[in-house]
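**Student:** Chains as they are written, first to last, in my numbering: chain W, 1 to 922; chain P, 1 to 168.
Honestly, the hints are just simulated from the structure, not real lab data. Hints should not be assumed to be uniformly reliable.
A short, non-exhaustive set of chain P residues, derived as facing chain W with CB atoms under 8 Å [stated by the list, open to error]:
#, residue
1, Ser49
2, Asp50
3, Phe73
4, Leu76
Just so we're clear, the structure is a prediction, and the values are computed from it rather than from any experiment. Even glycine gets a Cβ: it sits at the ideal position worked out from N, Cα and C.
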Amino acid sequence: MATIRIDQQEYTVRDGDNLLQTCLSLGLDLPYFCWHPAMGSIGACRQCAVLQYQNEEDQRGRLVMGCMTPVSDGAIFSLQGDKAQRFRKTIVESLMLNHPHDCPVCAEGGECHLQDMTVMTGHRDRSYRGRKNTHRNQYLGPLIHHEMNRCITCYRCTRYYRDYAGGTDLAAMAAHDHIYFGRHEDGVLESEFAGNLVEVCPTGVFTDRQLVHQYTRKWDLQSAPSVCTACAVGCNIVVGERYGKVKRVHNRFNAEVNGYFLCDRGRFGAGFVNLESRLEFPALRRPDGRYDALDHHRALEHALRAMEAEKVAAVGSPRASVEANHLLRLLVGNARFYPGWSRGEQGAAIRAMELLRDTEATVPDLAQIETADAVLILGEDVTNTSPRVALSLRQAVRNRARDMAGELRLLPWQDAAIRNLAQDTRNPLHIAAVSNTRLDDVAASHTCLAPPDIARLGAAVLEELLPGEGQHFGDPTVDALAQQIARDLRQAKRPLIIAGAGYGNTTIMEMAAELAAALCHGGCEAMLSLCQGEANSMGLALLTGTGGARVHRLEDMIVQGDIDTLLVLENDVERRCSRRGFKLLRKHVKTLITLDSLDTATTSLSDLVLPTASFAESEGTLVNHAGRAQRYFPAFPPANERRPAWFWLLALAHERGIEATSRLHQFDEITRHCAASIPALAGITEAAPRSQFRAHGLRVPRQTHRYSGRTAMRAALSVHEPKQPQDEETPLAFSMEGSQRDTPGALLPYFWSPGWNSNQSLHRYQKAVGEPLRGGTAGSRLLYRQGHATLERAAMPGAFEPRENQWYLVPRHAIFGSDELSALSPPLRELTHPAWLEITPAAAQALQVIDGDGLIIENERLRGYRLEVRINPSLVAGCAAYSAGHAGTFGLLPGEWVTLQKDPDWQRREPAVIASDRGGVA
Amino acid sequence: MNEPAPSLINALSEAELAAIDAEIAHMPQRSGAAIDALKIVQEHRGWVSDASLAAIADHLHMSAAELDGIATFYNLIFRRPVGRKVILLCNSVSCWMLGSDCLTQQIRDRLQIDFGETSKDGEYTLLPVTCLGACDKAPVMLVGDDLHESVTEDRVRELFDQPGAPNG
Chain W
1 MATIRIDQQE
11 YTVRDGDNLL
21 QTCLSLGLDL
31 PYFCWHPAMG
41 SIGACRQCAV
51 LQYQNEEDQR
61 GRLVMGCMTP
71 VSDGAIFSLQ
81 GDKAQRFRKT
91 IVESLMLNHP
101 HDCPVCAEGG
111 ECHLQDMTVM
121 TGHRDRSYRG
131 RKNTHRNQYL
141 GPLIHHEMNR
151 CITCYRCTRY
161 YRDYAGGTDL
171 AAMAAHDHIY
181 FGRHEDGVLE
191 SEFAGNLVEV
201 CPTGVFTDRQ
211 LVHQYTRKWD
221 LQSAPSVCTA
231 CAVGCNIVVG
241 ERYGKVKRVH
251 NRFNAEVNGY
261 FLCDRGRFGA
271 GFVNLESRLE
281 FPALRRPDGR
291 YDALDHHRAL
301 EHALRAMEAE
311 KVAAVGSPRA
321 SVEANHLLRL
331 LVGNARFYPG
341 WSRGEQGAAI
351 RAMELLRDTE
361 ATVPDLAQIE
371 TADAVLILGE
381 DVTNTSPRVA
391 LSLRQAVRNR
401 ARDMAGELRL
411 LPWQDAAIRN
421 LAQDTRNPLH
431 IAAVSNTRLD
441 DVAASHTCLA
451 PPDIARLGAA
461 VLEELLPGEG
471 QHFGDPTVDA
481 LAQQIARDLR
491 QAKRPLIIAG
501 AGYGNTTIME
511 MAAELAAALC
521 HGGCEAMLSL
531 CQGEANSMGL
541 ALLTGTGGAR
551 VHRLEDMIVQ
561 GDIDTLLVLE
571 NDVERRCSRR
581 GFKLLRKHVK
591 TLITLDSLDT
601 ATTSLSDLVL
611 PTASFAESEG
621 TLVNHAGRAQ
631 RYFPAFPPAN
641 ERRPAWFWLL
651 ALAHERGIEA
661 TSRLHQFDEI
671 TRHCAASIPA
681 LAGITEAAPR
691 SQFRAHGLRV
701 PRQTHRYSGR
711 TAMRAALSVH
721 EPKQPQDEET
731 PLAFSMEGSQ
741 RDTPGALLPY
751 FWSPGWNSNQ
761 SLHRYQKAVG
771 EPLRGGTAGS
781 RLLYRQGHAT
791 LERAAMPGAF
801 EPRENQWYLV
811 PRHAIFGSDE
821 LSALSPPLRE
831 LTHPAWLEIT
841 PAAAQALQVI
851 DGDGLIIENE
861 RLRGYRLEVR
871 INPSLVAGCA
881 AYSAGHAGTF
891 GLLPGEWVTL
901 QKDPDWQRRE
911 PAVIASDRGG
921 VA
Chain P
1 MNEPAPSLIN
11 ALSEAELAAI
21 DAEIAHMPQR
31 SGAAIDALKI
41 VQEHRGWVSD
51 ASLAAIADHL
61 HMSAAELDGI
71 ATFYNLIFRR
81 PVGRKVILLC
91 NSVSCWMLGS
101 DCLTQQIRDR
111 LQIDFGETSK
121 DGEYTLLPVT
131 CLGACDKAPV
141 MLVGDDLHES
151 VTEDRVRELF
161 DQPGAPNG
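With the hints as extra help, turn the sequences into a complete structure.
**Tutor:** As structure tokens, this is what we get:
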């Protein structure tokens, strides 16, 4: 600790921080632009100038940059000093020489860091009378809008995009007064994390393109704390609503999970909530196949009548909340509850849960992943399955740079110096996958192997760590690599093994778990992370448990038939079955009742559809891939007869007289009941405060205190303002009243502080800059180290042997398209492609096909699969990779052998016309 | 300068590649030769087109954006076509004191172009430059590769009063 003096006031502060972050942590206002808590200082913008005095006698002081000045004991500073204030005011004025002052039409207005800093410095009247520079804007894709004239050249965008996120297609062009931040030509930004530019840019150069088109100011948004449903990582988000539509998704800081950044799938993937095709009323199928809208009483009557049948079964869902799945299981009984995974997914999800539950290693959150000093990824394309993990891995490989800096006594925030020092020195990251991955550029090694061989590589590394039965890979190059990997892992203090359900191969995950156990045994703090499929895969696996015989497979159940009434909860059975299985669904089920927020193939077959509220309109608990239970809250009430799934199910359970539910009336009670009846889920009640929580005697307001136009919003319908909806289920209110200061992290609906309208106000909610939220970190960890530490050595898996004229199917995930919900979001739909099959150039030659041709995929189980060819030179020989989660590949199973032949009737698509190819001409 | 034109617009010529590879050989990283590579291509083609830029970036294992950042940083790497000769007219203090403004006006009138423009016949592009390092012989200008010192109005007339030149 150091004692410093700022403007005659003494403070005890942490040694080695820079003065800017110290001032912000102390709650003092010091303006800045280029510094970012996650990216450190470079001293580019000169905005955080303060006066530093040599000693007591020094009356003049000298100007220093706050972000570049370490605090040390006895230092004397002044923020208020005349010279410093004048300097800062002039800097803002000079940065804004070319700024267009177009705030009224700018999507950043009202939450603009440049506006805040301008007000903070007191700059008001511009003295520059010359012409302003005018730039040509670029088309950067459907996600990000570019408005270069607003730039104040703080360089945050390129520092984030290139240095932090590893993107290569955004650069600072030109020099002097005509600097330009953009691509070398128009086109979609390539980085999967480009959306963070919206929050990183201190002004309106990079804005959310969707928001620009349907604009609402931050102060007019009604927001709620939520959890991203686009993958199993569970990043914390803020969902902002106006006029019954989700307007935008912003990052919600969680020190242990997503920190300051999201991936683009999460940020832009919530658009499905606004789809016009979503049902607003229960729908009853008429004999002619059309649907009648019902009110909820009659809908429930119909459902109850159907449930009086003898054989009633239900299908849960890995994208539905723990509570909804729990109620559904109570409703139909344990024996008739099917978790709702496909044949391939179920084994992987349950096994992943078991491995993580039983491992001796740490199951890391993203923040812990960033501390790893050696990483081995065994058969998981993290950028496409759990995208945000990839961004954390890019930070992990820089730990060596920070160590090098530490040796030279550089401070961790001295970003330029550290990058200069380390250059390309990185911690070892080894990747084994079926083809190239987006992390290869920072990897020490990247090997393309078929999934069974990836497991064998794991076994060979294990052999190096714990010499045993001489299980070598057999190929000298791979064995040498295994030695190298083992050496890197052994030398690490915090080695991390990543695997996952991506290839549907449980042996790889088991190998990863054994490696982690062996490393723990070796005495280091090893970590094991297993990526999973969907937002609540882990929650559903914990709920289902290892139940063995009770866990039937969805498809087998349908094929065997003999079901009178089937309830499907937020699940599209088509995605989980083969074509044959899905066809039999209608035939083998007498009455099909679906509860879903989307219009899917399954709802279109159903006899009765109960429209459920999406994650943005309801509450629920999800368990992420690391076993962290997190609660999402509704940002707005569901329209018309949409209800949360738990609400429908509870009503049905009450009417059915299910004993266990008789005392459950509110959402919290379901959560508590679930926690009490399933030991593995006991911790879910801690995910967020209960609905009785009050801050300063009031609920936490979802609306800012400047929320405007509540009457005007509905004035076209009626001038009478209706009573605000009441929220009995959560501690939040659809109101402006109340305070959100000091509320728990799980309940923060937005970040705002006087003088800090932008998301930079976050530091006012943190214990200190970059540290956890003062109200506590959201979520509760369900997995504690139970450490069996049994080092069972699995037998060496069999080697992959390519077959003549047969191909081994491997799923290939796409960040945009593989996830059911986000793929429906309009901006992301522009970036998705129709289903495809990747094959090697050699296979393409043998099959006489080129890119864009069609292939027929067959084996004894599969008929009628036709997919577009994509030639991938990096793919392992003998494998064919299908686009997972895309319509057209449902029912294909990982690890199946198939024959391929050219489809003579295939109609080639026109060369893909996506907006970027049109050069941004709408 | 009399290289045969490369067969493909996108590709770099053999001669360009050889010269770039020679520079790469001196560098610890391929991207270290970025500036030299840009200069080499500009020497051969007069300017660096988007296609050339992409080809160079590819050859240096850099992204096009990164290389464009470098290319556009330097005023004398031309990212747009220029005339056969580039006139760099110094406008910094010494030259200005000794009448560079008059010369500027004279050249503008003669060639009918302003700063940043190319004469209609494609012969000249006029650009201002901050210093050519010959202040003792001010005013100075560079026409193509030739440095002209102590330039007078007569000298300008002599240089640009050729048959076919405007107002000749």
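**Student:** Does each hint hold? Answer for all of them.
**Tutor:** Status of the hints after comparison with the structure:
1. Of the supplied interface hints, the one on Ser49 of chain P is violated, with its beta-carbon coming no nearer than about 12 Å to a beta-carbon of chain W, more than 8 Å.
2. Because the beta carbon of Asp50 of chain P sits about 6 Å from the nearest beta carbon in chain W, less than 8 Å, this interface hint is met.
3. Hint status for Phe73 of chain P: holds, given a least beta-carbon distance of 5 Å to chain W, under 8 Å.
4. For Leu76 of chain P, the suggested interface contact is broken, since its CB lies about 12 Å from the closest CB of chain W, more than 8 Å.
Of the numbered hints stated above, those contradicted by the structure are hints 1 and 4, listed in ascending order.
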